[in-house]
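Trainee: Please model the entire structure based on the sequences and the hints provided.
There are 2 protein chains.
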Amino acid sequence: MKISSSLLQRAAATVDKYALYVPKSGVFPKGFKVASTATGVKKNGNLDLGIILNTNKSRPSSAAAVFTTNKFKAAPVVLSKSVLDKTDGEGVDAIIVNSGCANSVTGEVGLKDAQTIVGEVNDFLGKGDATLTMSTGVIGQRLQMDKISKGIKQMFQKDSFGSDFDSWLGLAKSINTTDTFPKLVTSKFSLPNGTEYTLTGIAKGAGMICPNMATLLGFIVTDLPIKSTALQSMLRSSVDRSFNCISVDGDMSTNDTICMIANGAVNTSVIDESSPEYAQVKSQVTEFAQQLAQLVVRDGEGATKFVTVNVKNALNFKDAKVIAEAISNSMLVKTALYGQDANWGRILCAIGYAKLGDLASLDPTKINVSFVATDDSEPRELKLIVNGTPQLDVDEARASEILSLPDLEVLVNLGTGKEECQFWTCDLSHEYVTINGDYRS
Amino acid sequence: MKISSSLLQRAAATVDKYALYVPKSGVFPKGFKVASTATGVKKNGNLDLGIILNTNKSRPSSAAAVFTTNKFKAAPVVLSKSVLDKTDGEGVDAIIVNSGCANSVTGEVGLKDAQTIVGEVNDFLGKGDATLTMSTGVIGQRLQMDKISKGIKQMFQKDSFGSDFDSWLGLAKSINTTDTFPKLVTSKFSLPNGTEYTLTGIAKGAGMICPNMATLLGFIVTDLPIKSTALQSMLRSSVDRSFNCISVDGDMSTNDTICMIANGAVNTSVIDESSPEYAQVKSQVTEFAQQLAQLVVRDGEGATKFVTVNVKNALNFKDAKVIAEAISNSMLVKTALYGQDANWGRILCAIGYAKLGDLASLDPTKINVSFVATDDSEPRELKLIVNGTPQLDVDEARASEILSLPDLEVLVNLGTGKEECQFWTCDLSHEYVTINGDYRS
Chain Z
0 MKISSSLLQR AAATVDKYAL YVPKSGVFPK GFKVASTATG VKKNGNLDLG
50 IILNTNKSRP SSAAAVFTTN KFKAAPVVLS KSVLDKTDGE GVDAIIVNSG
100 CANSVTGEVG LKDAQTIVGE VNDFLGKGDA TLTMSTGVIG QRLQMDKISK
150 GIKQMFQKDS FGSDFDSWLG LAKSINTTDT FPKLVTSKFS LPNGTEYTLT
200 GIAKGAGMIC PNMATLLGFI VTDLPIKSTA LQSMLRSSVD RSFNCISVDG
250 DMSTNDTICM IANGAVNTSV IDESSPEYAQ VKSQVTEFAQ QLAQLVVRDG
300 EGATKFVTVN VKNALNFKDA KVIAEAISNS MLVKTALYGQ DANWGRILCA
350 IGYAKLGDLA SLDPTKINVS FVATDDSEPR ELKLIVNGTP QLDVDEARAS
400 EILSLPDLEV LVNLGTGKEE CQFWTCDLSH EYVTINGDYR S
Chain D
0 MKISSSLLQR AAATVDKYAL YVPKSGVFPK GFKVASTATG VKKNGNLDLG
50 IILNTNKSRP SSAAAVFTTN KFKAAPVVLS KSVLDKTDGE GVDAIIVNSG
100 CANSVTGEVG LKDAQTIVGE VNDFLGKGDA TLTMSTGVIG QRLQMDKISK
150 GIKQMFQKDS FGSDFDSWLG LAKSINTTDT FPKLVTSKFS LPNGTEYTLT
200 GIAKGAGMIC PNMATLLGFI VTDLPIKSTA LQSMLRSSVD RSFNCISVDG
250 DMSTNDTICM IANGAVNTSV IDESSPEYAQ VKSQVTEFAQ QLAQLVVRDG
300 EGATKFVTVN VKNALNFKDA KVIAEAISNS MLVKTALYGQ DANWGRILCA
350 IGYAKLGDLA SLDPTKINVS FVATDDSEPR ELKLIVNGTP QLDVDEARAS
400 EILSLPDLEV LVNLGTGKEE CQFWTCDLSH EYVTINGDYR S
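From first to last, the protein sequence lines are chains Z and D. In terms of numbering that gives the first Met the number 0, the first sequence opens at residue 0 and continues consecutively. In terms of numbering that gives the first Met the number 0, the second sequence opens at residue 0 and continues consecutively.
No lab work stands behind these hints: they were computed from the structure. All values derive from a computational prediction rather than experimental measurement. One or more of the hints may lead you astray.
Where chains are identical, the list cannot tell them apart; a pair therefore holds if satisfied intra-copy or between any two copies.
To be verified - Under the rule of at most 27 Å between Cα atoms (straight-line distance), these lysine-lysine pairs were calculated in the BS3-like manner:
| id | residue 1 | residue 2 |
| --- | --- | --- |
| 1 | K317 | K382 |
| 2 | K70 | K354 |
| 3 | K417 | K70 |
| 4 | K354 | K317 |
| 5 | K317 | K70 |
Mentor: This is the structure we're talking about:
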């Protein structure tokens, strides 16, 4: 029965995540072009600076963003927030992202550096307050401004911008740090009124080597016209159900940023919160954001498993989420999953200490917990706890089969209401400790 | 500069914690006797059942307890709580503890089993509502009642009780699960009025192998006479500053219990909250509980380092504690400490996402963070952040020296008030993942 951990690790290492999760083609929204370059900030010569530009002039773009709630906000977060506040999210035409240095805890000089970068891009665009900026990488170090300014100039002067697949993939690569694959998702959608639109999303994952944070950056662009207030509430709701529902190690960075630009290049009426299309677009954006967010978990440091924690029939969404999060962040649950141990006691324990808003959400006599297989094997659902009673005769062989799958689901049915929350997490492996225990190199 | 993790682990493994932390003698309060036995519940034949009895008849004893807040409370927790409620903490003369089976999530039959155990001890004592019970070990399995009942009978009928050092050490061993050493602390104190009294404490740590929880059990007994209401508020305050200030992996078990019995065998006036001695006894009990709680961290699964997180000059105790806890539970901080990486960015990041009650507790321009050496080497304090500004020229060699110590301190000076909180934690090692990722054996 006993499988050595090193064996597990080797098995995990043989999965070629790049081949599995990086697309070979894509569809991209009208009116955007992108560029990326290697400025030399990353010592290995990899791409480390990227720009996305809106080229649609038919109407002003809308932009929205959700930022880290960490009280130590990095300079690019402070600056991007102020640009959005100042413009009410209208007329933002560029996002510039650098990797290799987070420009975090760098004080006044760091903020000035971020302003210089944004200013340089604005100059090339010929308008003010038009650029957002993001950074990821080493914390507490200043940006190498000479290299970055040179990189910006070259991209604009040589007109390195393109809208083909390779340009977008390059942009996705340029924001990576210790990610093992670039995260690019593209999709075309139709609305009942006949409108076709496209979403393209890029994210970087919870990865780090240097002195470091598990920064999460992501942006989604679309050619739909959406009012900036509607875009902000749509993005907030989508992020609450996607990027805020993933866990690698429970740490929240100083730089986390998800932003969205809608340039309105598709010729249809502008969507606001009262439009008949609003709900459908919101749901499409949410699903799309979930796909992108899941890629971040798949690339979790040292992860050998992708685990969906599905909390159903809760009294309210918030409590469902708190419970899903407690399970997803529990080191005991995560190590048990790594060890392929059908350890429902740890799951129940995490549910029990989740800090619920409404105690009535949890009735110990109504709770059901199961493991669910993600392949076609039967029985798909292996019941561990039924109406609060542990199943002492759990089929251990079947449990081992399910837990040996690279993808699996933990299903919690609270039986107290109708709300639900899905959370995505990964296991905690020896490799995680190795990566994060390493000296800064 | 790079030290391999396996080298670190080997270094840690060479520390003989038993020799370092288990006393060879002790002082014990008057009027208590203890016994322990191996019932066979633990397959390896180790001690797994222990009883502590109050034999002082000069006045009724006082008892108090602090229980897990996990919503899935184990049967012994439910029962002990009801005994204390019913008796107002007066006249409790026994604690019976078994290890190897947690009697948790066992429903009605589990509660009956716990009642049977308590009833059997009460019968030998010749009085009702006189016994508290605790269990630790495998979750979701029934107690082997035949073995336990036989063990209780044998201890009483053979009169295995003693009050010497070996009897107390046996009791400490009988409540261990995967602890690598028994946790026994004893100390004599004097009060200004000339009264001498003794505290003896026993705890078991966050350890597990089987299907399992990181159960924390502890009890402290004293021969001082203390009113039960005063004892309860004293214990609550002490636990908030000791057992509630330790972290191994942030998971909270269904069985966690700390209880205290004061039998009043010392002939002095009964202490209540208005007594002049109350504050001093409370402070002595708190320091004593801290010693006991620290032993639990020293025996943290896979731990190679003992880390004191000291948050000073906070606006209030609660915020100091929330910040200390965020640092202590951060997987990124814990792996960095394991890797001996002077990674202040991760510490600052954890401070930044701590959920403060009062935002004014944290002023990013006033915060100071240092590593502090625990040996006599100089400079003792290595400043990482001064008034919010990271020290970019940190002496890395000195940082490595401090971080290579088995004991170290992270000092956070918030500079916004006068309250403080100390928290004790350990690092996160490969060994932790190995222990907790293992199949149930």
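Trainee: Decide, hint by hint, whether the structure agrees.
Mentor: Each hint tested on the structure:
no.	hint	verdict
1	K317 <-> K382	within (25 Å within a copy, 40 Å between copies)
2	K70 <-> K354	both (22 Å within a copy, 10 Å between copies)
3	K417 <-> K70	between (34 Å within a copy, 21 Å between copies)
4	K354 <-> K317	both (10 Å within a copy, 17 Å between copies)
5	K317 <-> K70	both (23 Å within a copy, 17 Å between copies)
The structure meets every hint from the earlier list without exception.
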